[in-house]
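*Asks:* These protein sequences, in sequence, are chains A and B. Its first residue numbered 1, the first sequence is counted upward by one per residue in this note's numbering. Its first residue numbered 1001, the second sequence is counted upward by one per residue in this note's numbering.
No lab work stands behind these hints: they were computed from the structure. Owing to the predicted nature of the structure, the values given are computational and were not obtained by experimental measurement. Worth double-checking, as some hints may not be accurate.
Stated by the list, open to error - For lysine-lysine, the following DSS-like pairs were computed, each having C-alpha atoms within a straight-line distance of at most 27 angstroms:
#	chain 1	residue 1	chain 2	residue 2
1	B	Lys1195	A	Lys142
2	B	Lys1105	A	Lys195
3	A	Lys202	A	Lys142
Number of protein chains: 2
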Amino acid sequence: METRVGFIGLGIMGFSMASRLLEAKYPLTVYNRTRSKANPLINRGARWAKNPAEVAEHSDVILICVTDTPDVEAIVSGPDGILSAARPGLIVVDHSTIAPSATKKLSAALAGEEISMLDAPVSGGDVGAKNGTLAIMVGGEKEILDKVEPILKRLGTTITHCGPSGTGQLTKLVNQILVSVTNMAVCEALTFARKSGLDLEKTIGVTAGGAGGSWQLATLGPRMAAGDFRPGFMINLQQKDLRLVLQSAEECKISLPAASLVHQLFTAAQAAGHGKDGTQALFTVVEKLASLH
Amino acid sequence: METRVGFIGLGIMGFSMASRLLEAKYPLTVYNRTRSKANPLINRGARWAKNPAEVAEHSDVILICVTDTPDVEAIVSGPDGILSAARPGLIVVDHSTIAPSATKKLSAALAGEEISMLDAPVSGGDVGAKNGTLAIMVGGEKEILDKVEPILKRLGTTITHCGPSGTGQLTKLVNQILVSVTNMAVCEALTFARKSGLDLEKTIGVTAGGAGGSWQLATLGPRMAAGDFRPGFMINLQQKDLRLVLQSAEECKISLPAASLVHQLFTAAQAAGHGKDGTQALFTVVEKLASLH
Chain A
1 METRVGFIGL GIMGFSMASR LLEAKYPLTV YNRTRSKANP LINRGARWAK NPAEVAEHSD
61 VILICVTDTP DVEAIVSGPD GILSAARPGL IVVDHSTIAP SATKKLSAAL AGEEISMLDA
121 PVSGGDVGAK NGTLAIMVGG EKEILDKVEP ILKRLGTTIT HCGPSGTGQL TKLVNQILVS
181 VTNMAVCEAL TFARKSGLDL EKTIGVTAGG AGGSWQLATL GPRMAAGDFR PGFMINLQQK
241 DLRLVLQSAE ECKISLPAAS LVHQLFTAAQ AAGHGKDGTQ ALFTVVEKLA SLH
Chain B
1001 METRVGFIGL GIMGFSMASR LLEAKYPLTV YNRTRSKANP LINRGARWAK NPAEVAEHSD
1061 VILICVTDTP DVEAIVSGPD GILSAARPGL IVVDHSTIAP SATKKLSAAL AGEEISMLDA
1121 PVSGGDVGAK NGTLAIMVGG EKEILDKVEP ILKRLGTTIT HCGPSGTGQL TKLVNQILVS
1181 VTNMAVCEAL TFARKSGLDL EKTIGVTAGG AGGSWQLATL GPRMAAGDFR PGFMINLQQK
1241 DLRLVLQSAE ECKISLPAAS LVHQLFTAAQ AAGHGKDGTQ ALFTVVEKLA SLH
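Isolated chain A, as found in the complex (with noise of 0.2 angstroms):
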């Protein structure tokens, strides 16, 4: 028989993913805050469901991709969401990039009920989901990833076990320290480099190849250097994940200076009105603080 998928949250990333899954035949059944959102797949033969439950009553694999621990936390266990339709066998893989230690509540809330939870945040933004290039870093069982592992085969190129529950999330957090400093360490450089009159976009050829070389100076750094500050990835979002970072290291008693720090200029960026432009905006605050009249 074949595996009956459901997908709750249709945002850009999400509706994506279920619609490659579509494409690879899986009967989906679908649910989102917003209906009309799924009426492209509806249209392309996806089943409508009214409710989180709803979409476990007709699945066999529940995919969640939402925003925040708190979507996730009310799909699973609010008023009509996954627990309150339990099925001894049910799978639920979550995409969302949460706190690791609600995804580990969560996590043994389902097993209570013989469900089975995978947290499997991704990488690789709106791109990888289209093109199914997403980079899957996984937590929990591995016997109940290599169930799912054609399912999620779909929609990304590299799919990591990292261990138990929870793991997938403090790996993507891992990610999102990495790609805020090095973004910080490629805005400092820009903004020494400009005041002190180098080209810009010579600077950044010079430097991309060598030790001083990151995909944010590659990426960005140009973007940076044009004054393009459209979203790849949203300083609103990237606020979330690094709140995820320092809540899950205060939780671990970890300090975290630089994360601290990037975290706190991304705050005057969105106080400038940044919130919405891509990560790369972060330039305009280091650049306006660093000589500040």
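Given the coordinates of chain A, work out where chain B should sit on it, guided by the hints.
*Replies:* Just chain B now, with coordinates in the frame of chain A:
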């Protein structure tokens, strides 16, 4: 007539560079504070000079590769320095990383004697020096660079004219901001990863190919994970370069909070006895600071 080359400063980098020019059959005159380091080159046909002035007498182009600003100042304008044996048309190429403002002053002083100077700091480390694969960032007149380019091509694969005098040094400092703050990103990310119980090698593998990826992560991350602190690039030298960054930033009245933070943490690393370790030993400080006890 063949270009006669002088080489001053036969440390790890300079020795390999001078050696490559000897291989390329340039008539070579060398000087170094400690003569014994020159012996292998003298045995292969290099002429020994007892001071920079004597190097100048026997050279059309003088390359310099020493540690810090005062070293270059002494070589150029000290007793028995290049200026004391001034000959119009001489070209001085300084591969050291020194203060951009000092470079401009030295270049102006030499110009008064019709001697041209290029600032041409390098990146690529001892391996790049040995294999002739350095990246060379050049400030000064383009026509002078054209004249010495055949020589520089024996030393590096990427030779970039960054702009007028000082811009080679400024570009190198931009590179050092990138290198050190990106290093910090890796240190905090791996600290968070280890303290939360993640497998470091797996975590590096998952993140290195994405938006958090960098040369620092791919190259130094595994060494941090393995506790291998042998120097590629020594913390003491990184600190010298960060001092130049911050002095230069102060001259332009630019605030660089992240680079300053990393400079302070490297100071803690030096205090803990890691000065002669590689820059990846920053990890030990970040990890200890993260949860002191």
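*Asks:* Now, for every hint given, state plainly whether the structure supports it.
*Replies:* Taking the hints in turn, this is what the structure says about them:
{"no.": "1", "hint": "B:Lys1195 / A:Lys142", "in the structure": "22 angstroms, holds"}
{"no.": "2", "hint": "B:Lys1105 / A:Lys195", "in the structure": "20 angstroms, holds"}
{"no.": "3", "hint": "A:Lys202 / A:Lys142", "in the structure": "47 angstroms, violated"}
The structure does not agree with numbered hint 3 stated previously, though it agrees with all others.
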